[in-house]
Amino acid sequence: MARAADSLGMTASGVGRAIQRLEARIGVRLLDRTTRTMHLTDEGRRFHERIGPHLEGIEEAAVEATGATSVVRGRLRVNVDPFFSQLVLAGHAGRFLALYPELRLELIMRDAVGDLVADGFDLALRFGDPPAGSFTARKLFETRILTVAAPAYIERRGRPRHPADLPDHDAIDFWDAAHGRAYEWEFRRGNEALPVSVQTRLMTSDAPTMLNVCLSGAGIAQVLEFATREQVRDGRLIDLFPDWSDELFPLHAIYPSRQYRTAKVRAFVEFVTELLAEV
1 MARAADSLGM TASGVGRAIQ RLEARIGVRL LDRTTRTMHL TDEGRRFHER
51 IGPHLEGIEE AAVEATGATS VVRGRLRVNV DPFFSQLVLA GHAGRFLALY
101 PELRLELIMR DAVGDLVADG FDLALRFGDP PAGSFTARKL FETRILTVAA
151 PAYIERRGRP RHPADLPDHD AIDFWDAAHG RAYEWEFRRG NEALPVSVQT
201 RLMTSDAPTM LNVCLSGAGI AQVLEFATRE QVRDGRLIDL FPDWSDELFP
251 LHAIYPSRQY RTAKVRAFVE FVTELLAEV
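In my numbering, the protein residues as written are 1 to 279.
Heads up, none of these hints are tricks.
Label-pair restraints from in silico Cβ distances:
(1) 138 to 2: 47 to 53 Å
(2) 118 to 239: 38 to 44 Å
(3) 18 to 183: 56 to 62 Å
(4) 270 to 183: 28 to 34 Å
(5) 25 to 129: 46 to 52 Å
(6) 31 to 118: 43 to 49 Å
(7) 50 to 208: 56 to 62 Å
(8) 266 to 243: 36 to 42 Å
(9) 208 to 154: 18 to 24 Å
In case anyone wonders, no lab produced these hints; they're calculated from the structure. These numbers come from a predicted model, not from an experiment. No residue lacks a Cβ here, since even glycine has one placed at the ideal position from N, Cα and C.
I would like the entire structure built from these sequences, with the hints used as guidance.
Right, dumping it as structure tokens:
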């Protein structure tokens, strides 16, 4: 009893009480005790023979689970914004996997966060404000929102000089599936905010489609700066209101729990953060 107590970091009396609780729970006497000796009963011996392998399995499982907090391995399942996956992750996922050969990565495209626990996700990467609920979120990145049009549209319809001119123009609107509504058009200049009602000619829930429609000259769209920097630089898109583009749009890593973030989750978020520093 003393050796067991020393191994477990308990007192001998604590071990004795634990055995008594186990006997009471299963309704069987496991040990015969006298003032000087103690030995297993036949029932206690059979119980030990049956339970021993299970205890070893539990110990192995505990060691493996503990390793998850320090070793990057196993399956990592991520709920990803489709546009972010296409724009940033797809070209670099192979590099991440090469860093961690024991890891299997699942990038699942979803329009909304949903129930991370029920759907088996380790985390989500989503644009916009994090959803309400038991989630915890970490902001990884912010980008400005630009209001843009193609030269062909400006040639056909003229260039609006102020956000207040937009109701007279054709808008390409983005449908926010997570909230079941279109994104509201709001412009910011320093501390000044200006909401604008637009005339929607086309609505889509797919960011690449919205961008391509805008590039074709069909209308005016609000886009993420980091996603359209090249098109603006080479003149395929015109930033209509550079003085009214202080609104920021965040990207969050969203976790199902505040506790026990595994090594694979930490490694992935660190990798994504490094990618975002390059855009």
